[in-house]
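Start from the sequences, fold in the hints, and give me the full structure.
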Amino acid sequence: MTSHTIWEVPGGIHPPENKAQSMAQALAECPLAPEYILPLNQHIGAPSAPLVSVGQSVKKYQLIADAEGIFSAALHAPTSGTISAIEERLIAHPSGLSAPCIVIAPDGLDEACPLEPCEQPFALEHAAIVAKIRQAGLVGMGGAGFPSAVKLNPHANTSINTLIINGTECEPYITADDMLMQTHTHELLEGVRLLAHTLGNPDNVLIGVEDNKPEAIAALQEAAHKANQKHGCDIQVVSFPTKYPSGGEKQLIYILTGQEVESGKIPASLGIVVQNVGTAVAAWRAVRYGEPLIERITTVVGQSLQVQRNMRVRIGTPMNFVLEQNGFMASQSARLIVGGPMMGYALEQTCVPVIKTTNCLLAPSHSEMPEAPPQQACIRCGHCAEACPAGLLPQQLYWYARSDEHEKLEAHHLFDCIECGACSYVCPSSIPLVQYYRAAKGDIRKAAADKLKSDKARERFEHRQERLAKEEAAKEAKRQARKAAAELNKAKMAAQQAATETSHSQNLASTSTHKDIQPPAIPAIASAEELVANAATAAKAQQDPTLDKARLSRTVESLASSITRMKAQMAEAVSEGLDPSRIEKMAAKLKQTELKAQEAKTKLDAFDKTLATGVLVDAAAQKMMASPQDAAAKTLSSLQKRLSKAQELHLEAVNENKPSADALKQGVIKLEQKIEEAKQALSEAQNAAPSSSSSEPQQPDAAAAAIERAKQKVQAAASMTPEQKAQAAVESLQKRLSKAQERYAKAQETHDENLEAFATGVEKLELKLKAAMEAQQEGSEQA
Amino acid sequence: MAFLRASSPHTHNPNTTHRVMREVLLATLPGVAVLTWFFGLGTLSNILIACLFGLGLEAAVLKMRGRPIAFYLKDLSALVTAVLLAIALPPASSWWLIGVGMIASIVVAKHLYGGLGYNPFNPAMVGYVVLLISYPQYMTLWLAPENLSVQGAIFDITTLFELVFGGLASTTMDGLTAATPLDVFKQTAGLTAQDIYAQKAIFSQGLFAGAGYEWVNIAFLLGGLYLLMRKVFTWHAPIAMLVTLALFATVFYDAGSSNSGGSPLLHLFSGATMLGAFFIVTDPVSSATSNRGRLIYGALIGALVYIIRVWGNYPDAVAFAVLLMNFAAPFIDYYTVPRTYGHKKAQRATHTGGQ
Ligand code: SF4
Ligand code: SF4
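Which chain is which? The protein sequence lines are A and B, in order.
Just so we're aligned, residue 1 is where the first sequence starts under our numbering, counting upward by one.
Just so we're aligned, residue 784 is where the second sequence starts under our numbering, counting upward by one.
Keep in mind that the hints were calculated from the coordinates and are not lab data.
Please read these numbers as outputs of a predicted model, since none were measured by experiment.
Hints are supplied without guarantee of correctness; some may be wrong.
Claimed, not checked - Here are the simulated BS3-like pairs of lysine-lysine, each with C-alpha atoms no more than 27 Å apart in a straight line:
no., chain 1, residue 1, chain 2, residue 2
1, A, 408, B, 1128
2, B, 1127, A, 265
3, A, 645, B, 1128
4, A, 492, A, 591
5, A, 456, A, 641
Structure follows, in structure tokens:
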């Protein structure tokens, strides 16, 4: 086949391959197990949502749990039977965790539900193929189980130019992919073509295989040759020197393209998609035959087994059952490893199920894999650095990990460590370096999470402070408005009183001998009811502050004019030789009026200022009101950023079979939740902003808003609706008017000397009533 | 049933620190043999005494530090230090001289700094330099190679005893010692290189770098090549040192005039050059960690060796050069962090704060 340039990754090791023992036997079929345990989360992302209930009978291939969102995968029944439980079961996990599982008790019939084959898979649209792959519950079968459909759906702005099919299988002992490539060569090629088709036929379609699998390479090359001739495609089978860990996604990309995936990014950023050979075959079966992923090839190997071979195992088969089929001698077993000896994890229990990503069950004997010798001092020999495929300095990482120097660890790119174990493998002091890195990564993640938490707490605190400040500002604005209203009221009353007193003094002046002065109707204004009504009308009037200001200045003017009048009258009284005591009284009144005029003037000035501050205060309040919205938006965007980063990390982890993928997945899920929350918060904030202004839609003016609040406060104090209040005001005025009119009529009858005063009182009341009625009208209109 | 829970990787290559140290000890054998051939039993007595001190001191300190003695003794690092110091000292050194040197090496340079892996300086070289500064009169007394010495004296057990435990007449002593080739070359400033080679016995009896000494160096070179082959260390530091030393020697050879610093061959094959290059410079603990760093580290040692030999006051310079560069190793590490996969540039070691 055409020779393809090979780049050599730095570092790497050559551990004993131990692949022959499992390849000596033909691919076997694992018989039906007495029970199938199907964890809902066999993949990176959200657990699937069960669609069945306990007691329900299911058929083989039947969908029993559906994908929950994009980052999830569907789950199908591996055989027919009844759902015996949906409960927590021990799963294959480095920490021996339990997780929710669907448990099927097989009926032994292995009845299948009808599948939906597709004769012309290459005629299907991209979306249709991706949908079929998604429905089949496909996940990356080489590693951490990344939902395959996601990888086939790159962002719209990335064009894929290279499809790499990973047949490297660099871990010692594992031969599942080797077996698959030899036994399913045709399907693999069809799968590769299909994946290429789905990705828009990228320029390069490469199947990468290490040169320690000559049979697989030969078979693939022949098949590729045929396929290329038949379909005019250009699938290249590239073999390269065996070296661990060439099968790491990033390493393989470098070997085949000479490109490095930038730290923190995913291969798609280079226009590269990597899929495992197992995934390619499963994709073909899913699209062509409509067959969901319910089984896989798993290598069952190790010297504590009587038979070492590859088996076709249904997903959910308990591992102890699989081991039993191969003559497992538990007493001879040193440990039980899921995966290979370099990156696999040891299990404590064998009752856990085989899942979609279980490529190997390794049960070595004691002599085969003795316990690690005790750790000795690091002699800084640098062997680890020479072995590291990621270009890290493992010994430095080790020193920093031991002394918890997180910053230095990150500066030394701890998170670029793919946990391949090459460094630990070569370390002459038997230092379990990877264990240190995992612990350090966990610590750093935890610290980051804690920081996030405390950041959140701080944010909440700041939020609270902001809210308090906002409330304070609103209160202040209200207070200002109330003050303005009160002062206005006072000024008004003063004006009225001044007017009354003026008329009074006029009366006095004209009828200086009359001693018993009837109190005019006007002082009744001072009643509490009136006050409230006044405040209400004032507040209403204040809806237009300029209008209000005009009114206030009018008051000042009228006071001034009444002062001049009073002065004139006094002069007259003096010239007419009135009682000096009376004149004195008049002078005192005049003085009082002058004082009141002065006060009204200051109030007018103050009102001017209030107006200005009102605007300021409100602007500030608005700003503050805007800021939670801003903050929410900010939080959201930063979260989104974080999410995308986390997703990338996660992807990367998945692609590299890192056990940390699990944790990362959790992180992604959490972030997604957080984003959801942040979105809600944002929309709340957005809703809050317009609604607060919509309560006063015709008053964009800030001061008006403040005054409106004052008005509402006054209304609240009266615990009346504006209409009611206006009504009350009108009623009271009407009452008073009728009283005044009565009095006036009486005065006319009795030719009272104060007739004129009564007349003005009635007139004024009439005016007032008119105003009140107008106000009422307005109020009801507004309502 | 429960199985062993262990973290990956589950396999390990057979290489161990014990094996590394054993290989190093093994690789010194040709050198030791040739030394003994030319300089007599003194080398063996040195090694024996130094090893006894080494093991004793190591065990004592480990006990004081509350560490498992047998476990740590098994890493053989104390023996390696002892053998290297013993080889570096003049053959048949006094027992107490060796003792002082070993205390400086094991107790001060190694354990006071935290034990194996934590020592910033090469312990054997610390021991050597402490002795060189404290007892220069003993340190410059090299026995003459066998063919220049009193017939059979250096293989005589009684003489050896007298040398090691004192009591040898100073006149006898004079007959047994001779200036080293590097000393001779330095002290004969008026002569051209050619004259020196013709007139001075130590050169005229030898081939190119002094009688006996050239063979010793060749033997250590062989041992070093063995270690390289066994992948005990990488070639970077020793080769960089030798190449730099040779370059300096070539540049300042001055065609063998009376100002000549000596030929490249003289520098490569006399004194402690090969021992230094393959057994001292390659000490992983106190050298730079990355390959690039080791190139720089080795090259600077080579340069320093030449500078101190030719323009300095000490007869040999490997110990000083190595210790000086031990100082600089962290600094070199700082600037030679390798580029990590997926990063455009290597990051400075202390540049923190992520990307
Ligand atoms: S391989 Fe082990 S002993 Fe050597 S430098 Fe690395 S961590 Fe230290
Ligand atoms: S486990 Fe990490 S540090 Fe060790 S060799 Fe692999 S990538 Fe490098």
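These are the hints, each one checked on the structure:
| no. | hint | result |
| --- | --- | --- |
| 1 | A:408 with B:1128 | 17 Å, holds |
| 2 | B:1127 with A:265 | 13 Å, holds |
| 3 | A:645 with B:1128 | 21 Å, holds |
| 4 | A:492 with A:591 | 18 Å, holds |
| 5 | A:456 with A:641 | 16 Å, holds |
Hint compliance for this structure: no hint is broken.
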